[in-house]
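As given, the protein sequences belong to chains A and B, one line each in that order.
For the first sequence, position 208 matches number 208 in this note's numbering, and the numbering has no gaps at all.
For the second sequence, position 108 matches number 108 in this note's numbering, and the numbering has no gaps at all.
Calculated from the structure, these hints are not laboratory results.
None of the values given here were measured: they were computed from a predicted structure.
Just so it is clear, CB atoms sit at the ideal spot from N, CA and C, and this is done for glycine as well.
Just to be clear, a hint being listed does not mean it is correct.
Away from chain A, derived, C-beta distances all over 12 Å, residues of chain B [to be verified]:
hint: 1; residue: I25
hint: 2; residue: E55
hint: 3; residue: K82
hint: 4; residue: N89
hint: 5; residue: L91
hint: 6; residue: A113
hint: 7; residue: D119
hint: 8; residue: N131
Listed next, the in silico EDC-like pairs over lysine to aspartate or glutamate satisfying Cα-Cα at most 20 Å (straight line) [unchecked claim]:
hint: 9; chain 1: A; residue 1: K7; chain 2: B; residue 2: E33
hint: 10; chain 1: A; residue 1: K168; chain 2: A; residue 2: D219
hint: 11; chain 1: B; residue 1: K82; chain 2: A; residue 2: D40
hint: 12; chain 1: A; residue 1: K58; chain 2: B; residue 2: E75
hint: 13; chain 1: B; residue 1: K38; chain 2: B; residue 2: E75
hint: 14; chain 1: A; residue 1: K54; chain 2: B; residue 2: E75
hint: 15; chain 1: B; residue 1: K88; chain 2: A; residue 2: E11
hint: 16; chain 1: A; residue 1: K54; chain 2: B; residue 2: D93
hint: 17; chain 1: A; residue 1: K55; chain 2: B; residue 2: D97
hint: 18; chain 1: B; residue 1: K46; chain 2: B; residue 2: D119
hint: 19; chain 1: A; residue 1: K21; chain 2: B; residue 2: E55
hint: 20; chain 1: A; residue 1: K20; chain 2: A; residue 2: D73
hint: 21; chain 1: A; residue 1: K124; chain 2: B; residue 2: E75
hint: 22; chain 1: B; residue 1: K81; chain 2: A; residue 2: E170
hint: 23; chain 1: A; residue 1: K21; chain 2: A; residue 2: E61
hint: 24; chain 1: A; residue 1: K13; chain 2: B; residue 2: E68
hint: 25; chain 1: B; residue 1: K123; chain 2: B; residue 2: E33
hint: 26; chain 1: A; residue 1: K168; chain 2: A; residue 2: E130
hint: 27; chain 1: A; residue 1: K13; chain 2: A; residue 2: E130
hint: 28; chain 1: B; residue 1: K46; chain 2: A; residue 2: E87
hint: 29; chain 1: A; residue 1: K155; chain 2: A; residue 2: D184
hint: 30; chain 1: A; residue 1: K187; chain 2: A; residue 2: E174
hint: 31; chain 1: A; residue 1: K58; chain 2: B; residue 2: E33
hint: 32; chain 1: A; residue 1: K55; chain 2: B; residue 2: E75
hint: 33; chain 1: B; residue 1: K88; chain 2: A; residue 2: D176
hint: 34; chain 1: A; residue 1: K55; chain 2: B; residue 2: E55
hint: 35; chain 1: A; residue 1: K54; chain 2: B; residue 2: E55
hint: 36; chain 1: A; residue 1: K7; chain 2: A; residue 2: E63
hint: 37; chain 1: B; residue 1: K35; chain 2: B; residue 2: E55
hint: 38; chain 1: B; residue 1: K46; chain 2: A; residue 2: E64
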Amino acid sequence: MIVAEQKPLSEIKEIIAPYKKILILGCGTCVKTCFAGGEDEVAVLASALRLACKKDGKKIEIEELTIERQCEDEFIRESAPAVSRSEGVLSLACGAGVQALARRFARTPVLPGVNTTFIGVLEKQGVFTEECSGCGNCRLDIFGGICPVTRCAKKLLNGPCGGSQNGKCEINPETDCAWQLIIDRLKALGQMDNLRKYIPPKNWSTSLSGGPRKLVREDHMI
Amino acid sequence: MNKKFIPKITVFHCINAFTENTHSIFVGRNDFEVKFIKLPCSSMVKDIFLLRAFEAGADGVVVLVCPEGQCRYVEGNIRAKKRVAWVKNLLDDIGIDGGRLSLSNIAAGDTAAATQIIDNALKNLAELGQNPAA
Ligand code: SF4
Ligand code: SF4
């Protein structure tokens, strides 16, 4: 999932300052799971902003809505009546959701309420960790299902740096050394031979280096 | 002349920590107004309920939970404690002071402790004054 974090209230207050009627629009998928922008977070933020504005003597009307997904036009459509009633939309979706809204609603400013942070997993209740950098050429087959591109601080592809201590990364002792995890897992899988394969320098052309990427599926197009 | 400040306090309480028939210990006091919100377990104090109490005009909010280790649902009071801490920070960010919200552990039937908790909240509110967002 995409992991995001709600912006500090002070920043959100600044972002919405020019508007008197806003819609806080949540997204019921990734950002809901990471407690940044689902229905509950929309309600809390709306309440916090109402209290803050009242305290500052500012008048603001806040409408609340959460749709299933903000990155798909089919779902975005449901928000059109609420968007048309507002001067600006504060989106609690990831950056893709904010842009999808902006694309659809040409005349309404769409403002980000969260910082989109990474592609990750829920490691345990309340803890989210980054797992994938979307490099565009996945080699998890060789690395035993653990991504060194993302989880090794030096993005090393041919074994550890030598600074790993007690299974922890030398860059941050709170973080597991990705290569320790890879080796442990390859051992368990009986695939230690994978380590003999030379991995050439990564070709980043499949990543962001060539500008925004596009995926076309002809078979799904009409 | 300023009218005397009579604080409004909303008390969220777990029905195991503070039973309904102990509400009467505050009857007849005219130094504050109180609203009770009963919860089956203190883990039900969601952040939005606490904020809405302030939106509804509360000057202070008190959350009463069972002593640690004695929650009937194992960890409800721990969850409540974490949420209250989170909302206290949020109240500071909002600018209405996290000190308006407090959580206390209390054993069922301990009316003396309940009175003490409310008196402490009142002392605190005498300094903080009225909820500036009410
Ligand atoms: S190799 Fe690339 S696509 Fe695969 S998990 Fe790592 S960053 Fe993601
Ligand atoms: S200690 Fe491990 S994770 Fe950290 S930089 Fe070295 S190889 Fe990478």
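Hints versus structure:
The non-interface label for I25/B is consistent with chain A: the shortest C-beta to C-beta separation is roughly 30 Å, beyond 12 Å. For E55/B, the condition that its CB be more than 12 Å from all CB atoms of chain A is violated, with the nearest at approximately 6 Å. Listed as a non-interface residue, K82/B fails to keep its Cβ farther than 12 Å from every Cβ of chain A; the least gap is roughly 9 Å. The beta carbon of N89/B is not kept farther than 12 Å from every beta carbon of chain A, the shortest such distance being approximately 10 Å.
A Cβ of chain A approaches the Cβ of L91/B within 12 Å, the least distance being about 8 Å, so the stated non-interface status is violated. The claim that A113/B lies off the interface holds: its Cβ sits roughly 30 Å from the closest Cβ of chain A, which is beyond the 12 Å cut-off. For D119/B, the condition that its CB be more than 12 Å from all CB atoms of chain A holds, with the nearest at approximately 26 Å. Its closest Cβ contact with chain A, about 9 Å, brings N131/B to no more than 12 Å, contrary to its assignment away from the interface.
At roughly 36 Å between alpha-carbon atoms, K7/A and E33/B are farther apart than 20 Å, so this suggested pair is violated. Using a Cα cut-off of 20 Å, the hinted pair K168/A and D219/A is violated, with the two alpha carbons roughly 46 Å apart. Of the supplied pair hints, the one linking K82/B and D40/A holds, its CA atoms being roughly 17 Å apart against a limit of 20 Å. A threshold of 20 Å between alpha carbons decides the hint, and for K58/A with E75/B the separation of about 40 Å lies outside it, so the pair is violated.
For the hint pairing K38/B with E75/B, the CA-to-CA distance comes to about 18 Å; that is within 20 Å, so the pair holds. The hinted pair formed by K54/A and E75/B fails the criterion: a straight-line CA distance of about 35 Å is larger than 20 Å. Distance hint between K88/B and E11/A is fulfilled; the C-alpha atoms sit about 19 Å from each other, no more than 20 Å. Taking the CA atoms of K54/A and D93/B, the gap is near 14 Å; set against the 20 Å cutoff, the hint holds.
Annotation: proposed proximity of K55/A to D97/B holds, straight-line Cα distance about 11 Å (limit 20 Å). The straight-line distance between the Cα atoms of K46/B and D119/B is roughly 25 Å, outside the 20 Å bound, and the hint therefore fails. Pair hint K21/A plus E55/B holds up; C-alpha atoms about 18 Å apart against a cutoff of 20 Å. Between K20/A and D73/A the CA atoms are separated by roughly 26 Å; this puts the pair beyond 20 Å, and the hint is violated.
A C-alpha spacing of about 17 Å is found between K124/A and E75/B, which places the hinted pair at or below 20 Å, so the restraint holds. As the CA atoms of K81/B and E170/A are separated by approximately 35 Å, the hinted pair breaks the 20 Å bound. Simply put, K21/A and E61/A have alpha-carbon atoms about 5 Å apart, close enough for the 20 Å limit, and the pair holds. For the hint linking K13/A to E68/B, the alpha-carbon distance of about 37 Å lies beyond 20 Å, and the restraint is violated.
Using a Cα cut-off of 20 Å, the hinted pair K123/B and E33/B holds, with the two alpha carbons roughly 14 Å apart. A C-alpha spacing of about 16 Å is found between K168/A and E130/A, which places the hinted pair at or below 20 Å, so the restraint holds. Distance restraint check for K13/A and E130/A: the Cα-Cα separation of roughly 29 Å exceeds the 20 Å cut-off, and the hinted pair is therefore not satisfied. Between the alpha carbons of K46/B and E87/A the distance comes to roughly 30 Å, so the proposed pair goes past 20 Å and is violated.
Between K155/A and D184/A the CA atoms are separated by roughly 18 Å; this keeps the pair inside 20 Å, and the hint holds. Using a Cα cut-off of 20 Å, the hinted pair K187/A and E174/A is violated, with the two alpha carbons roughly 23 Å apart. At roughly 28 Å between alpha-carbon atoms, K58/A and E33/B are farther apart than 20 Å, so this suggested pair is violated. Our distance criterion of 20 Å between C-alpha atoms is broken by K55/A and E75/B, whose separation comes to about 35 Å.
For the proposed pair K88/B and D176/A, the alpha carbon gap of about 33 Å is over 20 Å, so the pair is violated. Only pairs whose Cα atoms come within 20 Å are accepted, and K55/A paired with E55/B is accepted, the gap being roughly 11 Å. At roughly 9 Å between alpha-carbon atoms, K54/A and E55/B fall within 20 Å of each other, so this suggested pair holds. Using a Cα cut-off of 20 Å, the hinted pair K7/A and E63/A holds, with the two alpha carbons roughly 19 Å apart.
About 14 Å separates the Cα atoms of K35/B and E55/B, which keeps this hinted pair within 20 Å; it holds. For the hint linking K46/B to E64/A, the alpha-carbon distance of about 18 Å falls within 20 Å, and the restraint holds.
Hints 2, 3, 4, 5, 8, 9, 10, 12, 14, 18, 20, 22, 24, 27, 28, 30, 31, 32 and 33 from the earlier list are contradicted by this structure; the remaining hints agree with it.
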